[in-house]
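Visitor: Take a look at the letters that make up each chain.
Protein chains: 2
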Amino acid sequence: MTLTPPGRSPKTDQVKCKDCPLRRNDAFRKFTDKELEFVQSFKSGELVADAGTTIFLEGNNSAHLYTVLSGWVFRYKLLHDGRRQILNFGLPGDFFGLQTSIFGEMDHSVEALTDVVLCVFPREKVWQLYKNYPELGFDLTWLAAREQYILDENLLSVGRRTALERVASVVLHVFLRLDQLGMARGRIIDVPFTQQQLADALGLSHVHTNKTIKKLTSRTLIEWNPPKLKIKDLEGLAQAAKDELPELPLRPFI
Amino acid sequence: MTLTPPGRSPKTDQVKCKDCPLRRNDAFRKFTDKELEFVQSFKSGELVADAGTTIFLEGNNSAHLYTVLSGWVFRYKLLHDGRRQILNFGLPGDFFGLQTSIFGEMDHSVEALTDVVLCVFPREKVWQLYKNYPELGFDLTWLAAREQYILDENLLSVGRRTALERVASVVLHVFLRLDQLGMARGRIIDVPFTQQQLADALGLSHVHTNKTIKKLTSRTLIEWNPPKLKIKDLEGLAQAAKDELPELPLRPFI
DNA sequence: CGCAGTTTTGAGACTGATCAATGCCTGTGG
DNA sequence: CCACAGGCATTGATCAGTCTCAAAACTGCG
Chain A
-2 MTLTPPGRSP KTDQVKCKDC PLRRNDAFRK FTDKELEFVQ SFKSGELVAD AGTTIFLEGN
58 NSAHLYTVLS GWVFRYKLLH DGRRQILNFG LPGDFFGLQT SIFGEMDHSV EALTDVVLCV
118 FPREKVWQLY KNYPELGFDL TWLAAREQYI LDENLLSVGR RTALERVASV VLHVFLRLDQ
178 LGMARGRIID VPFTQQQLAD ALGLSHVHTN KTIKKLTSRT LIEWNPPKLK IKDLEGLAQA
238 AKDELPELPL RPFI
Chain B
-2 MTLTPPGRSP KTDQVKCKDC PLRRNDAFRK FTDKELEFVQ SFKSGELVAD AGTTIFLEGN
58 NSAHLYTVLS GWVFRYKLLH DGRRQILNFG LPGDFFGLQT SIFGEMDHSV EALTDVVLCV
118 FPREKVWQLY KNYPELGFDL TWLAAREQYI LDENLLSVGR RTALERVASV VLHVFLRLDQ
178 LGMARGRIID VPFTQQQLAD ALGLSHVHTN KTIKKLTSRT LIEWNPPKLK IKDLEGLAQA
238 AKDELPELPL RPFI
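Respectively, the protein sequence lines represent chains A and B.
Note that my numbering gives residue 112 to position 115 of the first sequence, counting from 1, and the numbers run on in steps of one.
Note that my numbering gives residue 187 to position 190 of the second sequence, counting from 1, and the numbers run on in steps of one.
Everything labelled a hint here was simulated from the structure, so no lab data went into it.
There's no promise every hint is true.
Said to hold, decoys possible - In silico lysine-lysine, DSBU-like type, Cα no more than 35 angstroms apart, as pairs:
1) Lys227(B) <-> Lys74(A)
2) Lys212(A) <-> Lys239(B)
3) Lys122(B) <-> Lys208(B)
4) Lys27(B) <-> Lys225(B)
Please put together the full structure from these sequences, using the hints given.
Guide: Below, the structure written as structure tokens:
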């Protein structure tokens, strides 16, 4: 984990919020200049981390909040004997780390799934945000509600869907999220996770996950040649997932 | 579902926020008079509902936010063929309905588990709350983060715990939440849900849930004579759940 | 007393887990 | 340029936890 990787001088190379490439994405709501200025002052730096790096661990009290600028992270929880449940994946524009600033201690861990760049916000300033920029405070709640929506969906999957439905469901949702970010090339996306990691997100064993992927492939719903994943039949996939195609709303990001 | 049940005149009998019995509970943070005054003006009324009543349904846009004053509710999602996953239980002081005010449409349903009284807040006023009472805006985010914490825990259970661990885990957490509210009499609590409902929260069949409860009973960890549940060995229960006994933090409520 | 909704029990079926190999790809060093 | 190591993916065989089906026993209530 390095703050300034070789070939990247500290500070100078950091993305200015007003120039943030994510802002250009239609998926995000437009900010006023004043808001942008504040977010810029809120941002204390960037964290550049290699794939596999632990961003923070359950039980620790990370003093920061993070927005994913590029790359993927994932949130997870462990049982003492090593069983792992991946709670959600974090993509560009996603926000995490709220619980520390609220409970003083993390109740889950976060790891970089790919090489990532994260915007870092110090938690001491969160209060200023609420006080001086109620719109942004509202956005924070918005993001928390969105995370809740995703967790609700995951809980439904893991609790009540069969293996086939589950795999179809995540693949579908991951595709839709990437598509909204403009990170899909037509029906093709890059999925950086291993089957083991997918299994941990689904509450399945990696062996059975593999066999289930094969089944989806043989039904010509998807084609998966790591890391490329092609959706061959979006509607069929949704049906296999026992899911509808949801509308993704315009969202804020900090 | 009635707004004013027989024997209770409209308005006059409603609980004044400053006299709210929940406020007396040490589990909640103290509010200033000004905050109390705002919350009072925010509150548009009370909803009294019988057990089994649907408070709102997925897909609808309920225009309101709710705080549970007394009784239990539960949030759930359905698959088209009727499979149901209960996402969380709502106890006195718990808050729900945020997603509508944020996404304009509910992505889950809520039902009264027991007879309940709910405080109703109109969503048009949420913005005022953020603008004029940033502390309360922060509290709203706090509550969202707390819900997320519970969902994370549930997802870990449903995804990675065995049936025995799962049952032990919810029983434990429900006990702790009730205890914090002062609703436990020593190690005895009233649990209003049926085994079917518990099963739907755990992602298990009701038959297997029943057999698992028996197993916990035979290990003298609990004693369950609906609706009374006695925790006979709190530490042993936590061990069976592969869980630690968490500290529940002081919390706000709206 | 009888009904309706729960809880409880038993038996058999099946989904998904575990165990164990084998194959495959990529990067590394000789 | 080839050999090898370390991750991953893949496959087959067996096992076990949980589900489904079905029926009986309870409980609270009208």
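Visitor: With reference to the structure, classify each hint as holding or not holding.
Guide: Hints, one by one, checked against the model:
1. Lys227(B) <-> Lys74(A): Holds, at about 29 angstroms.
2. Lys212(A) <-> Lys239(B): This hinted pair holds, its Cα atoms lying about 34 angstroms apart.
3. Lys122(B) <-> Lys208(B): It is violated: about 48 angstroms lies between the C-alpha atoms, which goes past 35 angstroms.
4. Lys27(B) <-> Lys225(B): Between Lys27(B) and Lys225(B) the Cα gap is close to 32 angstroms, so the pair holds against 35 angstroms.
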